[in-house]
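Join these two chains into a complex; the hints should help.
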Amino acid sequence: MNIKKLLYESFDRNLSKSEANKLKNSLIKSESLKKEQSELSTFREVIFQNTQKDFSPDFEFEVLRKINSRTTRGSYQDIFFNSLNTTFRRLAYAVLIFIILTLSYNFEKNGNISFRSALGVKQQNSSLAEDFKNLFSIYN
Amino acid sequence: MLSNIKIGFEHLSDMDLVLKSISGDQTAFSIIVQRHKSKIAATVFGMLGESMEAEDIGHEVFIRFYNSLENFRGESSLSTYLTRIAINLSLNEIKRRKRNIFKSFINLSPKELSSGNTVHNFELKEMIDKCISKLSPKLRTVIILRLVDQYSTEETAEILNLPIGTVLSRLARGQKLLKQLLTPFRYDI
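Chains A and B, in that order, give the protein sequences. Numbering-wise (this note's numbering), the first sequence opens with residue 1 and increments by one. Numbering-wise (this note's numbering), the second sequence opens with residue 141 and increments by one.
There could be a bad hint or two in this list.
[What the hints assert, rightly or not] Below, simulated EDC-like cross-link-like pairs (lysine to aspartate or glutamate); rule was C-alpha separation at most 20 Å, straight line:
{"#": "1", "chain 1": "B", "residue 1": "265", "chain 2": "B", "residue 2": "193"}
{"#": "2", "chain 1": "A", "residue 1": "53", "chain 2": "B", "residue 2": "266"}
{"#": "3", "chain 1": "A", "residue 1": "66", "chain 2": "B", "residue 2": "196"}
{"#": "4", "chain 1": "B", "residue 1": "316", "chain 2": "A", "residue 2": "60"}
{"#": "5", "chain 1": "A", "residue 1": "53", "chain 2": "B", "residue 2": "165"}
{"#": "6", "chain 1": "B", "residue 1": "319", "chain 2": "A", "residue 2": "36"}
{"#": "7", "chain 1": "B", "residue 1": "179", "chain 2": "A", "residue 2": "62"}
{"#": "8", "chain 1": "B", "residue 1": "270", "chain 2": "A", "residue 2": "45"}
{"#": "9", "chain 1": "B", "residue 1": "179", "chain 2": "A", "residue 2": "54"}
{"#": "10", "chain 1": "A", "residue 1": "66", "chain 2": "B", "residue 2": "165"}
{"#": "11", "chain 1": "B", "residue 1": "177", "chain 2": "A", "residue 2": "39"}
{"#": "12", "chain 1": "B", "residue 1": "177", "chain 2": "A", "residue 2": "62"}
{"#": "13", "chain 1": "B", "residue 1": "319", "chain 2": "A", "residue 2": "39"}
{"#": "14", "chain 1": "A", "residue 1": "53", "chain 2": "B", "residue 2": "233"}
{"#": "15", "chain 1": "B", "residue 1": "160", "chain 2": "A", "residue 2": "60"}
{"#": "16", "chain 1": "A", "residue 1": "53", "chain 2": "B", "residue 2": "193"}
{"#": "17", "chain 1": "B", "residue 1": "316", "chain 2": "A", "residue 2": "58"}
{"#": "18", "chain 1": "B", "residue 1": "177", "chain 2": "A", "residue 2": "60"}
{"#": "19", "chain 1": "B", "residue 1": "316", "chain 2": "A", "residue 2": "36"}
{"#": "20", "chain 1": "A", "residue 1": "5", "chain 2": "B", "residue 2": "200"}
{"#": "21", "chain 1": "B", "residue 1": "179", "chain 2": "B", "residue 2": "298"}
{"#": "22", "chain 1": "B", "residue 1": "316", "chain 2": "A", "residue 2": "12"}
{"#": "23", "chain 1": "B", "residue 1": "238", "chain 2": "B", "residue 2": "193"}
{"#": "24", "chain 1": "A", "residue 1": "35", "chain 2": "A", "residue 2": "45"}
{"#": "25", "chain 1": "B", "residue 1": "179", "chain 2": "A", "residue 2": "60"}
{"#": "26", "chain 1": "B", "residue 1": "319", "chain 2": "A", "residue 2": "45"}
{"#": "27", "chain 1": "B", "residue 1": "179", "chain 2": "A", "residue 2": "45"}
Think of the hints as simulated: they come from the structure by calculation, not from any bench.
In isolation and in its complexed conformation, chain B is listed as follows (with noise of 0.2 Å):
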């Protein structure tokens, strides 16, 4: 029944989804999760690798959105709009993490991620997750909108409001020090 009413609302845009929720469907604004989560879940499993948090840092972006639907004036896509909700909250646990003394499976030190025992423990998207996580937030922040999100690069900079010319140096510089952690397990490549 519910999936019946779902495919009515499917092709609708998602400015029309946002006014619909707005006036209170609940089957508009599951559309708009279902459309935009997997964009979300790379950005925040991007940012904070994969973990509980993670999962309550997309729920919460989507929440938020739902708490403040009418500040959503459709000037930038949707998508964008619930990207820099995402960055957001994605930086500001960092920073949490930062300020806890607990320190997570996921931080690893260079020292062990360039001995090279490591590939054989685990696998080469955990690895890849381990070595962006070591990045500042800034450098992993347009290296996860750019290559993971596959925003353009001047969305990119759209969402972070940053020049065109930041987010390239930045990109350039993330790149040049990720492949750097990665070149011990190169071979896995």
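This is chain A alone, in the form it adopts within the complex (with noise of 0.2 Å):
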């Protein structure tokens, strides 16, 4: 491996007892990559030291603000679609009453649950249509 890869690794992992070697016989060798070695050390020093920053003092007043008025807020949305929920629930169940009791009497009465039934209204036959037809023709 590139000697300098390894001094770079040499920072964030353990290395193999050769690598260990390999690397202190070239620090011994070297001048160069001695003074890399510091320079880096230095380096991650520096950058530790100089980003260390911490939030505004009220920082954590301001996340349980925010977590409580987003529950609120949510809360609100629930209790009005629930009630919307509830009232059209109602609405729905005595529709689909009205309908199966409707349906149910017609099919009683008449025999069949055809739509034209469920209205009321009455069957016409192909021979009135047929008049109808006539009568037109008739215009034309």
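Next up, the structure:
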């Protein structure tokens, strides 16, 4: 492995015995490599020291305030949609019961549950339709 | 009064605090925030620079966690879990910023950075922030997790769901680039 790569990786993982020896020997031989190791160590320390920041002092308070305000907003929405749901569910049940009763009544009275029968429309026979057709053809 | 209650909670483990938070105990949750906010601050400020959005992202990390407390099974440490949320939200924010044409103050051109004049105008901390923000999100993420948050290489790999070899090579590339960007200001370091 490239010795510079080994140098960088020595900061981030445990080197094997042979890799550690290789790096050690190279550091003894090369003054520039030794300098680079020292620079890299300082560089990492500088980065760490100069990037430590914290949130504003009221951070926890703000987090909890946002959580609670979202929960309250959520519960208002829940109340609205639940009441809407309850109201329309009742209406839907009432309409369903009405349809079932009408169909049952029609079935009982006329012997079928067709749409026309349910609406009380009298069945038209085909001869009546023919009469209308003839009547229109006279005027045309 | 509240601080007295908090003292009673401080010896509890993260998992105990999570369980108490699930049952609706907000004092337990505030201890979690207190315990982990520094690490999350280092992550989001490192990723996004010092800005109002970074503080908001910090809030969002804990709010998201609060809303999905039940999903935390304790398989990874809470710190790792929260950092993963922070990294994802920060990367989303970086994408959003890229989409906006708005050019932030942070985005100095490489010419401005290498002119050497800027060093007189900004503190070293700000300069390091700006140089870190010049790195690509991939390199920036590993630099922040390893050098700023001081996670081990293994933990960094776990948070990012990457092989250790990839983390090591990104770390080396990131450090080389960062050193190059900071070279004009070396006398300050």
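Self-check item: Restraint check for residue 35 of chain A with residue 45 of chain A, where alpha carbons must lie at most 20 Å apart
Solution: 15 Å, holds
Practice problem: Please work out if residue 53 of chain A and residue 165 of chain B have their alpha carbons no farther apart than 20 Å. | Solution: Distance ~28 Å between residue 53 of chain A and residue 165 of chain B Cα, so the pair is violated.
Quiz item: Is residue 238 of chain B within 20 Å of residue 193 of chain B, Cα to Cα?
Solution: 14 Å, holds
Quiz prompt | Pairwise hint evaluation, residue 298 of chain B against residue 179 of chain B, where the allowed Cα distance is 20 Å at most | solution = 16 Å, holds
Quiz item: Within a Cα-Cα threshold of 20 Å, do residue 160 of chain B and residue 60 of chain A meet the stated pairing?
Solution: 17 Å, holds
Exercise. Could you grab the alpha-carbon distance between residue 53 of chain A and residue 233 of chain B and see if it respects the 20 Å cut-off?
Key: 19 Å, holds
Practice problem: Verify the proposed pairing of residue 179 of chain B with residue 45 of chain A, using a straight-line Cα cut of 20 Å. | Solution: This hinted pair holds, its Cα atoms lying about 17 Å apart.
Exercise. Please work out if residue 316 of chain B and residue 12 of chain A have their alpha carbons no farther apart than 20 Å.
Key: Roughly 14 Å separates the two Cα atoms, so the pair holds.
Exercise. Quickly compare the C-alpha distance for residue 319 of chain B and residue 36 of chain A to 20 Å and report which way the hint goes.
Key: Measuring from Cα to Cα gives roughly 11 Å; hence the hint holds.
Quiz item: Taking 20 Å as the top limit, are the C-alpha atoms of residue 53 of chain A and residue 266 of chain B close enough?
Solution: 11 Å, holds
Quiz item: Regarding the pair residue 66 of chain A and residue 165 of chain B, is the alpha-carbon distance no greater than 20 Å?
Solution: 16 Å, holds
Quiz item: For the pair supplied as a hint, residue 179 of chain B and residue 62 of chain A, is the alpha-carbon distance within the 20 Å limit?
Solution: 18 Å, holds
Violated hints, in rising order: 4, 5, 11, 17 and 20; the structure is consistent with all others.
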